[in-house]
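Enquirer: The primary structure of each chain is shown beneath.
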Amino acid sequence: MAESLFGFLANQPFVTLFLVLGLGHLLGRVKLGFFSPGSTAGALIVALALGAFAFQTTGVRFTIPDLLNTLFLALFTYAIGLRVGPQFVEGLRTEGARLLILVMITTTLAFVIAFGGSRMLGLEPGFAAGILSGSNTISAVMGVATAAVDQGLYEIPAGLTAQQVKANVAAGYSLTYILSVLSIVLLVRNLPGIFGFDPVKAAKESEKKFGATGHALPGTSAAFGVGMLPVDVRVFRVASESVAGRKVSDIAAQFATPVLRLTRHGVVVPLTLDTTMERDDLVTVGGSVAHLLADTAGIGPEVADEQARHLDVDQAEIVLGSKAGSGVTLEELQKSGALYGVRLRAVFRDGHELPVLPAMPLQRHDVLRVIGPPQAVTRAAGQLGQAVRPTNTTDIITLAFGIAAGYAVGLVSIPIAGIPIGLGAMGGVVVAGMVVSILRSMNPAVGGPMPEGARAFLESIGVDLFVCGLGLNVAPALVSALTGGLTTVYVVLLGLTTAVVPTFISYAFGLWVLKMDPMVLAGAVAGARNSTTAMRAISSRSNSAIPAFGYPVPYAASTVVFLVYGYLTMVLW
Amino acid sequence: MWTGIVDILQRAPEIALFLSLAIGYRLGSIPIFGVTLGATVSTLLAAIAIGQVGITVDPLIKSVLFALFIFIVGYRSGPQFVASFKRAAGSQLAIAVMLAGCGVLATIVVARLFGLDKGAAAGLMAGALTQSPALGTATDAIGRLGLPADQVKTLADSAAVAYAVTYLFGEFGLLMCVRNIVPLLLRVDLKQSARKLETEMHETGSDGDGAHLIAYQPLDVRAYRVSEAVGSQITVVDLEARIGDRAFIARVRQGDAVRPAQRDLVLHPGDVICLVGHRATLADKTAALLGAEVDDAAVLGVTLQPLDVVVTNPTADGKSLAEIAAMVGIRTRGLSIASIHRALQPLPVTPGTRLHTGDVVRVVGDEPRVKQAAEFLGYADWPTDKSDLVFVGLGIVSGTLLGLLSVPVFGVPLTLGTGGGVLVAGLLLGWLRSRRPTFGRVPPAAQWVLSDFGLNGFIATIGLSIGGSAIHAIAQHGIWLLVGGVIVTLGPLLVATMFGAWVLKMNPVILCGALAGAQTNAAVLNAVNETSDSSLPALGFTLPFAVNNMLLTVAGPIIVALV
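Protein chains in written order, with the working numbering: chain R, 1 to 573; chain V, 1 to 563.
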């Protein structure tokens, strides 16, 4: 029975792969208290278990081609690069130095402990990289290390095969992963307490220190989040004699609220600025609540007409073209009628938000984020430049070319002191993703669209299919690697140390030497450890979102730095 | 330099794959005589060119990418596909079946006439009818014939090349024919017919497809200063009762203090209240009842959380909203229902509206309250960009298993094949999700990237592994492939046109849309829209599109079996 089942699965690697993916995600959802393994660890555990069990009982080996694994790993890595790009640059500019010091302390200590410890304990090659990857819960590190083996950057000693080394990497990862997720969540949750702060009180104080936050950058995932609109739309019936017979544009000027739609006898009238209004027309106006209250009573009574009120709203980012002309101010744009009917939500230049001031001169390539009825948005875009609208399509050209170019650049290595130094294929791909996302934050018309749903999907299916393939391939070798019982104990202990000690030390350092805010620091060390779960844990402990302020920069930085260390762990062994 | 590039491409086929996609998408978007080729065939051409340096790609990659693609095709069209059979649209269905049937027939005739092999015949059909998924299912079926590996590869390669050769005319010829010949055949002016149909249907002005947000929300939030007329010493709950229509007070400003409105809080004249309610209530009567409307940012700044709740709880099934409100009692205060959808169709929201399992109710209120409502009704579908990969993974597995089943018909074992099985699984699961969306979320953006990257990645891996020999072989009867392609492109189209016009007596505008749909070609729909200067052909498009996306895809293995 088992034999024919595993035989079937081995003949249909395709079924096996998706079976492991599905079951792994199911396992990832299992909750033990506040802890759950998450989909990636879940998929890896299922893959390893299935592979090892099939091999132990029936001698069946699953083989998933490496190309498939790296293909999906590349998609994942690129998606990660897209996510962290702008935050990385932004963080460098503001809190930069201190956060980077934290990241360097955490990552370097983790590297030293994992690498040095494995050396001292005499573990086989591959374990150190696996431990570094698992104890910091970054599966991409494992990818970098196995890629280094595949590309022959690590010289495999006599008596070992590449398969065995990769099995050691996977074993190190999977043995340390779960315990370190658990330990880091517990540690970060309690760090402020250990150092004598009441997390709730401390968070309240930090909240006072840090004021408002700006709008999401263009081209980023949250760019088109609607949020609270300060705009209200209301419908009035034209009753006043002073309004009937006048042009739409006059009304807009007089009441400081644009007319968005005109309904006459139940029919929507095509609207231009010169359309005149008649008695009993329904006028749909939009504006801020204060304007509406102060001025519109002059038109007539408010009515709750569903058709008149049923207004489509479009959002867009308009990249100023040459037509608009450099140096024109927002006030002049308003007067020219180019922005009629749309509401300006934010203005960006080179990936930075600018204050919305009437007299501010605009430049070519500035980005105006506007919201309004589709015709108004289209009119504004036609007069000013290029509109970037939210969409479900993805620009495959940029995606595919970015990955191909990053991969190719990553393969190039320059020997320094005998060690070939290069980004590694995945390093190249993550940089490509970051470059694209940074360019997009400056000009969202470039290299897009790339909606968040698609990005998140590539990220999750990329890494999960990668670990499925990896787990199935290396499971037989894992079985033989772990039959030496002492190795398992060493790996687990070393993993725990790597997970906990660097974070503890960098928190102390951040608090006493860098004098950082205790709650922001807690978020920052969670980021430096690349643990979203830990950041969520301290946020819920302190009833505050303040730890999230410290999180993104170290997270972005540590993602990259850990990749480099993962590569070094293999190459320097 | 050259050897260096070749070396990199051979060592890292990933680069070759992504490069083919990048080049293919770029070429596919350049218009030639106003027609763009589309990404798929140009990706194939780019991949064939790059593949000449000699690149090996494991077939498993092909299957994985194709499975992801075909699963999502089914998932997307599932609800439409099932719903289409309920609508009275027999003639549109007939057009679709007619076109697909003629396509298969014409392909078989052409293959017999010109002596094409199984691969070339299937590729020709996929190309001439511009139905790229059929190439995938056909390749899959070829692998199952039980032939030696080298023969399988030869057949699969010739399928891909035949596809590439016939696709060009499949796209151009089809567009030309629909623009110029079909109107001649119908002997009508499409523009006039469209005007006539429009007046018949009283088409109302729509704002186009670009809009994605609707500003019309039935709920509104306004602030009022409580007037003397309201009287002193009235509690929040009493005032709410007086306003009626389930409007509720969310916050109150008394002096400088802004506080949440507890139900027993006593209001005084001069207090500012934040009232949440249906727009009609607020616009029509509250100002007269309460006093002047004011702009008070602190009071108005309530965050109302909309949440889609799927009814799964048996206690709520079959009950009217009024009954549910009575059951839940006071806890419904501060909650409003913005919309109710059943199988993607909106229902009116009235106290008498009965809920059924699987209905999606959008409740609006503050977060604790909407959570409570979700607990009572069933499953909370919080908005997220995450995809449900359990669903995708196990869906594909079950589809594959389904495809492995074979049913003997007259002694011939019939199977769906992996592609067909996964397609059917996607279709069923997509339909189930539309009935009861508690599982299997794949956001539209993810669907898009999955289907595009899946199909074209699959096509690219096919192209990369086609060697020079296959091209030479096909070049020998390349001219016959072209001729055969023309026949298969035009024949079924003309037959279906005449069938629709003379036998079914369809409205010419709807017929043109149905033809575009039966060809599963959105570019043709655009062309028809242009010729008729109207968006009405779209009315005929959807159903044949959904049906033939299935039929023509399944036709791939049929050709392989019958030729």
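No lab work stands behind these hints: they were computed from the structure. Keep in mind that a hint or two might mislead.
[Stated by the list, open to error] No farther apart than 25 Å at their CA atoms in a straight line, the calculated lysine to any residue pairs in the SDA-like style are these: (1) R/Lys204 to V/Leu300; (2) R/Lys31 to V/Leu300; (3) R/Lys515 to R/Gly196; (4) V/Lys196 to V/Lys386; (5) V/Lys386 to R/Leu26; (6) R/Lys31 to V/Ala501; (7) V/Lys191 to V/Ala561; (8) V/Lys386 to R/Lys515; (9) R/Lys204 to V/Thr542.
Predicted model only: the values in this text are computed from it and were never measured.
Enquirer: Hint by hint, note whether the structure agrees.
Expert: Hint check results:
no.	hint	result
1	R/Lys204 to V/Leu300	24 Å, holds
2	R/Lys31 to V/Leu300	39 Å, violated
3	R/Lys515 to R/Gly196	15 Å, holds
4	V/Lys196 to V/Lys386	46 Å, violated
5	V/Lys386 to R/Leu26	15 Å, holds
6	R/Lys31 to V/Ala501	61 Å, violated
7	V/Lys191 to V/Ala561	44 Å, violated
8	V/Lys386 to R/Lys515	38 Å, violated
9	R/Lys204 to V/Thr542	55 Å, violated
Checked against the numbered hints above, the structure breaks hints 2, 4, 6, 7, 8, 9 and satisfies the rest.
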